[in-house]
Amino acid sequence: MMDAVISTLIGALTAMVPLVLTSVGAVVSERAGVVNIGYEGILLMSAFFGAIFAEITGNPWIGLLGGAFVGMLLGMLHGFITVYLKGDHVIPGIGVNLLALGIVAFGIPAYWGTAGQHQVPSNFRIEPLIKTAYGSLSPVVIITIVITVLTHWVLFKTPLGLRIRSVGENPEAADALGINVERYRFLATVYGATLAGLGGAFMSVDWLGTVTKQLSAGRGFIALANMVFSGWNPLRALLGGFIFGFFDNLSVWVRTTPAVQKVIPWQFVATLPYLVTLIIVAGIIGKVRVPKWDGKPYKRE
Amino acid sequence: MKANIKGFFKPLVESLIAIIIGMLIGAIILAFSGYSPTEAYVALFDGALGSKYGWAMTLSAATPIILTALTFGLGARTGLFNIGAEGTVYFGAIAAIIFTNILGNVLIGLLGGIIAGLVWMSIPAFLKVFRGVNEVVSTIMLNWMAYFIALYIVLQKIPNPDDPNKTIAVPVSARFPIVIRGTELSWAFVISVAAALIAYYILWHTTLGYELRVSGYNERAARYGGINPKKAVIWSFLLGGIMSGLAGATEVMGRPPSYAISQGMANIYGYGFDGIGVSLVGRNHPIGIIFSGIFFGMLKAGATAMQIEAGVPLEMVRMVQGIIVVTVAIPGLLDLLKRGVRK
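Top to bottom, those sequences are chains A and B. So the first sequence is numbered by this note's numbering: it starts at 1 and just counts up by one. So the second sequence is numbered by this note's numbering: it starts at 1 and just counts up by one.
The shape of chain A in the complex, shown without the other chains (with noise of 0.2 Å):
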């Protein structure tokens, strides 16, 4: 039993990776005013080519930066519509997760060959850290809670971060110091985008190792519920992550374990991180404050 609540944490510890880098990007994202809900196409789309970048490179690391960079071009996208061109914060958002969903279907079987699905080989994923007998501990882990972190003191603590919280809080006021709101609000979005596709790559050249349509399986939007849990902050993102993760992988585990499955048939486990979700947001709206101009364009007077 102890066995399983270890490997379990453990399993929640790499399964919050995707969340929290999601998360913690679009924190940063909307506390500049940028609402971005493509990240379920981000996360699709760098996990897609973030396996290719590892294949032809025969190195996974570049694979997880390809699939950063990846994520760079799709948040660079959505900013020039939403920031440059004042467009609507949404629609692009459905767009990418649209588009991401062609691009991996019709990729997958050009690429690769292969109807449906593609397993990175072994040679082509990233080392864990530790290895136990309960699991293992990838170093993207740590770079997961570094990031965060450094985020979080760069958010609150720097003058660089009061100058992101201005552009979304109060963008005419910032605007009349001087602060350029466009440039802020598009690097904002940049970086929320770029770290979702660091999460993207770690799906398939990491954790599980292999590129499917159904591989984002709804992470974007549990990190989105997640950011709004957090109360747009990041270290309260990764607690979340961790919840989150640890549903996530609990369900993967209850699901395998032979003396429930007589009990409750596997689909309706499979059905618990998105029940909790669902659970704690609609237990926690209206204790959380939005940052005020979060999704609304700004156009100079």
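The hints are simulated quantities; they were obtained by calculation from the structure and are not laboratory data. As the structure is a prediction and not an experimental result, all values here were calculated from the model. Beta carbons are placed, not taken as given, at the ideal position from N, Cα and C, and that holds for glycine. A portion of the hints provided could be inaccurate.
Derived DSSO-like pairs: lysine-lysine, alpha-carbon spacing no greater than 30 Å straight-line [what the hints assert, rightly or not]: (1) A/Lys86 - B/Lys230; (2) A/Lys292 - B/Lys338; (3) A/Lys262 - A/Lys86; (4) A/Lys157 - A/Lys262; (5) B/Lys166 - A/Lys296; (6) B/Lys231 - A/Lys292.
Away from chain A, derived, C-beta distances all over 10 Å, residues of chain B [claimed, not checked]: (7) Pro11; (8) Ile20; (9) Leu103; (10) Ile108; (11) Asn134; (12) Phe148; (13) Val190; (14) Trp204; (15) Trp235; (16) Phe273; (17) Pro313; (18) Arg318; (19) Met319; (20) Val326; (21) Ile330; (22) Leu337.
Here the structure of chain A is known, so what remains is to put chain B in place on it, guided by the hints.
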């Protein structure tokens, strides 16, 4: 009057430009992937529009996505991003199979789809109204829950004892008559067009529709005008639920040859996502949705021909759809292009 015509044609032209850009980028990606774009597109258009059979397949493919697009479109007109059509379709199809097997009748099947849609879509509606839960997050979570719950029902509750690859079928007495023999086009297509016309009538010719549109346009103004935005939100979800519930029902009652749900829910999967694209290209307008639904149906119908004749994976069509939607998201596309030309 002139402004009116401009207001009608501008979105139409912008959607057409988005479609052209989407197909051009698709062509570039095809060329990069080592396929011949011309061969692929010729096969696609010829397969979908080159014959009576192709047209029938195009219209039958348009049937469910017009309905799921109405779910998103009705939401968008009320200021909501309801992306829960996907999960609702599953339950609409399951309910139609169960209802018609109890009482074999087309109307009973449609009623089953409607009830399933109302029940499932009332969850995000109540979460939104009473708990302030953002519908984008709730409907996506509900889609995933629906996927697993529906999979359980399909595998454990209504499997076909003679064929493990599908569920029990809708009885012959509850199937839609086929319009053109040998094709998949049934009278179910009429249901989707009628639903679009009813949605149009509700939105622009009833008090409820006025309330829905005003709440979508400006919630504060709506409240000031004595309209309860909560009521509008609930109605928008419920009407949307009816549409995508019907999409699932018509799919199993009006699509030969199986009249059942196939393995992995392959024949009812993805319509909710397609519907979002259809609605956005149709500018969330029921009449626009009929036309963009037929266009997306054409892409779907032609995809098979493209795969057989040009060897291009039929998923290519999904990619082109995605690019079109991203392009649609660019505001004032026409003005941007004009400015670019002048420079």
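Comparing the hints with the structure gives:
1. A threshold of 30 Å between alpha carbons decides the hint, and for A/Lys86 with B/Lys230 the separation of about 28 Å falls inside it, so the pair holds.
2. Annotation: proposed proximity of A/Lys292 to B/Lys338 is violated, straight-line Cα distance about 35 Å (limit 30 Å).
3. Taken as a hint, the A/Lys262 and A/Lys86 pair is broken in the structure, with Cα atoms around 54 Å apart against an allowance of 30 Å.
4. A C-alpha spacing of about 53 Å is found between A/Lys157 and A/Lys262, which places the hinted pair above 30 Å, so the restraint is violated.
5. Restraint check: the Cα-Cα separation between B/Lys166 and A/Lys296 comes to about 47 Å, which exceeds 30 Å; the hinted pair is violated.
6. Of the pairs offered as hints, the one joining B/Lys231 and A/Lys292 holds, with about 26 Å between alpha carbons and a cut-off of 30 Å not exceeded.
7. Residue-level check passed: B/Pro11 sits 14 Å from the nearest beta carbon of chain A, beyond 10 Å.
8. Non-interface call for B/Ile20 relative to chain A: holds, since the shortest CB-CB distance, roughly 16 Å, exceeds 10 Å.
9. For B/Leu103, the requirement that its beta carbon stay farther than 10 Å from each beta carbon of chain A is met, with the minimum near 28 Å.
10. At roughly 27 Å from the closest C-beta of chain A, the C-beta of B/Ile108 stays outside 10 Å, upholding its exclusion from the interface.
11. Residue placement check: B/Asn134 does not keep its beta carbon more than 10 Å from all beta carbons of chain A (closest about 8 Å).
12. Listed as a non-interface residue, B/Phe148 fails to keep its Cβ farther than 10 Å from every Cβ of chain A; the least gap is roughly 4 Å.
13. Every Cβ of chain A is farther than 10 Å from the Cβ of B/Val190; the closest lies at roughly 28 Å, confirming the non-interface assignment.
14. Non-interface status of B/Trp204 relative to chain A is upheld: no Cβ of that chain comes within 10 Å, the nearest being about 23 Å off.
15. At roughly 21 Å from the closest C-beta of chain A, the C-beta of B/Trp235 stays outside 10 Å, upholding its exclusion from the interface.
16. Separation of B/Phe273 from chain A is inadequate, the least Cβ-Cβ distance of about 6 Å not exceeding the 10 Å criterion.
17. With a minimum CB-CB distance of about 4 Å to chain A, B/Pro313 fails to clear the 10 Å threshold, and the non-interface call is violated.
18. For B/Arg318, the condition that its CB be more than 10 Å from all CB atoms of chain A is violated, with the nearest at approximately 4 Å.
19. Distance to chain A contradicts B/Met319 as a non-interface residue, since its nearest Cβ pair spans about 3 Å, not more than 10 Å.
20. Non-interface status of B/Val326 relative to chain A is broken: a Cβ of that chain comes within 10 Å, the nearest being about 4 Å off.
21. A beta-carbon of chain A is positioned within 10 Å of the beta-carbon of B/Ile330; the least distance is around 6 Å.
22. Remark: the non-interface label on B/Leu337 is consistent with the geometry, its nearest Cβ contact in chain A lying 13 Å away (cut-off 10 Å).
Going through the hint list in order, the structure does not satisfy hints 2, 3, 4, 5, 11, 12, 16, 17, 18, 19, 20, 21.
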